Amino acid sequence: MDLFVSQVLSGVASGAIYGCVGLAMVMIFTSTEKINFAQGEMATFSTYVAWTLMTVGLPYWAAFAATVAISFAAGVLIQRTLLAPLRDAPEMSQVIVFFGLFLVFNSASGAIWGYLPFDFPSPVKAFSTGTTLIGAHQLFIILVAVLMLTLLFLFFRYTSLGLCMRAAAQNPVSASLMGVRVGWMLALGWGLSAAVGAVAGIMVAPVVFLEPQMMVGVLLYAFAAALVGGIDSPPGAFVGGIIVGVLENLVGTYLVGTDLKLTVALVLIIAVLIFKPTGLFGSRRVARV
Amino acid sequence: MKKLSANQKILAGVAIAAAVALPLVTPDFRLFQASQVLIYAIAILGLNLLTGYNGQLSVGHGAFFAVGAYSAALLMNFAGFPYWTTIPAAALICLVVGLLFGLPALKLDGHYLALATFALALAVPQLLKYKAFSKWTGGAPGISIDKPPAPFEFDIFGRAFNADVWLYLFTLGITVLLFFCAWNLVRGRIGRTLVAIRDQPMAAQAMGVNTAIYKSLIFGVSALFTGVAGALNALTVQYLAPDSFHMFLSVFLLVGMVVGGMGAVPSALFGAVVIVFLPNIAGSISKSLPGAIYGVLLILLVYFMPKGIWGALDRLRQFRLPRHRDTGSS
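Protein chains in written order, with our numbering: chain A, 640 to 928; chain B, 284 to 613.
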């Protein structure tokens, strides 16, 4: 029973990471209908920035805040310079741009910081949860993720900027007629999702070690998380992440071992999607004739 | 039915003649690269039939490539098939696999289909490495097969007609055949139906098109093309390992399709040239950052040719010959 509980709890912790990256994807998806495949690599790059800031002597939280700010700015910049001019290009061409970004960030991380894994600090390393069921850092991940989700919810629900962003995503034409600068709202969405990705990267790095491929696996689970939760629902992405994380751990422990855990987890997810094609919390797509 | 104009016929004929004459002027190594271009062109063509013409996004065609390659290798190593029979066998196997995968894929749309196919791309290398199958697949180290021999050997203009030349011509013959088949498939009623399903699924259904049958059939045909490419690749490289069918293979096929140009048959050749040679170009520009240069080159390609190389050529043609604009001949 202890094994089961601890597997579920660590699944929740890694699921919180998947949920965060999934959330970052959903934020770009709701406004552009596209999946940003470079999300994970951008997060890895941000984590390296945080690592560099810490090695030059900044305290953990200062480096954390600085990294989030830098990532936000970089996200806005990428949207304004690279993607805004391609607004009218065919959808698949934009996907290829995402893949190009993936290669650029992946290769740049490796070229600047090397391919050796780094140990990444965790602020709660000294603490103990007093039980073997869940580690201090895992608990920390869950808390940070929940806090971030709450902040984002409050931002989108109760600030006028959040309202403008939602309007720009839902109905760009009407929003721009009401004076919302839709292009900038998209850029802000990119900034926010880069910042969320940075937080996810900083959280996951102490668990998996910091190296250029750190996020490749996470990205896939995050994608699955976003789809299981419903691609247009931010809380759905988070819940989806937790489901995927727990499922992954239980499948690995009880069914097939680590060899095929990824495969089986994905097959299960696809099976779910076949019966519930819009995900658990997604809104039903209504086609107009 | 669209027909080729006289100019296009001449162009195709010259291209094929040049490709046949290529071994006379190139060393074996370049010939290997040329075979790779043809093989990827077939694979991209298969993907283009599915994604470009029918709008079903697959991020997992590397899986069919792997199935074709392993089918060919296993049939040769364990069932004693002569090498040339593995091509139709791999085609048949991949057709069935594609049809089987296309059935559940009917329920999935857009990004969900992308996830399902992506999962396939990730699962296949894992399954190939899996212990229980390693008796046949060779596990992670992979398996090798015998090099197909040339049926006859002679010298022509000082160039030995050896196994490498034969393999190239064999690949070329199958490429020409498959491109002809694909072109015949898309230029008539079936092609129009596929495009109609892509652009206006509801209207197509209302017009009496059985979208389910077309969508799963084209999934099978697309897998067939890509599987044949995989089998040819196995014959050309003579060595298979699960890691050569990493998920990046699927992504590169997708890149080739988009950069070449979606929804056109010959564009696959351009896409294949890009994915075979662009990494080399990137590597020669910067030794330390090949991935980043590759990424930047890709972004630039999309930036300047958002509809792919084929789209850019098409625009160039219309720009130069405004009188010859298509008047909807069908």
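Possibly wrong hints are sitting among the right ones.
[Said to hold, decoys possible] Here are some chain B residues pointing at chain A (derived, C-beta under 8 Å):
# : residue
1 : 382
2 : 409
3 : 410
4 : 542
5 : 574
6 : 577
7 : 581
[As the list claims (entries may be wrong)] Cut-off 27 Å, straight-line C-alpha distance, at most; resulting in silico cross-link-like pairs (DSSO-like, lysine-lysine):
#  : chain 1 : residue 1 : chain 2 : residue 2
8  : B       : 418       : B       : 430
9  : B       : 412       : A       : 673
10 : B       : 570       : A       : 900
11 : A       : 915       : B       : 390
12 : A       : 915       : A       : 673
13 : B       : 414       : A       : 900
14 : B       : 430       : B       : 412
15 : A       : 915       : A       : 900
16 : B       : 412       : A       : 900
17 : A       : 900       : B       : 418
None of these hints come from the bench; they were simulated from the model. Source: prediction; values computed, not measured. By construction, the Cβ of each residue, glycine as well, lies at the ideal position given by its N, Cα and C atoms.
Hint-by-hint comparison with the structure:
1. 382: Violated, about 17 Å.
2. 409: holds, 5 Å
3. 410: Hint on residue 410 of chain B: holds, closest Cβ of chain A at ~7 Å, below 8 Å.
4. 542: Hint holds; residue 542 of chain B Cβ to chain A Cβ min 7 Å, cut 8 Å.
5. 574: Holds, about 3 Å.
6. 577: holds, 5 Å
7. 581: This hint holds: residue 581 of chain B lies near chain A, its Cβ roughly 4 Å from the closest one there, short of 8 Å.
8. B:418 x B:430: holds, 22 Å
9. B:412 x A:673: With Cα atoms ~33 Å apart, residue 412 of chain B and residue 673 of chain A exceed 27 Å; violated.
10. B:570 x A:900: Not OK: residue 570 of chain B and residue 900 of chain A at ~36 Å, beyond 27 Å, violated.
11. A:915 x B:390: holds, 10 Å
12. A:915 x A:673: Holds, at about 21 Å.
13. B:414 x A:900: Roughly 14 Å separates the two Cα atoms, so the pair holds.
14. B:430 x B:412: It holds: about 24 Å lies between the C-alpha atoms, which stays within 27 Å.
15. A:915 x A:900: Holds. Residue 915 of chain A to residue 900 of chain A sits at ~22 Å (cutoff 27 Å).
16. B:412 x A:900: Holds, at roughly 13 Å.
17. A:900 x B:418: Since the Cα atoms of residue 900 of chain A and residue 418 of chain B sit roughly 21 Å apart, the hinted pair holds (cutoff 27 Å).
Hint compliance for this structure: hints 1, 9, 10 are broken, all remaining hints hold.
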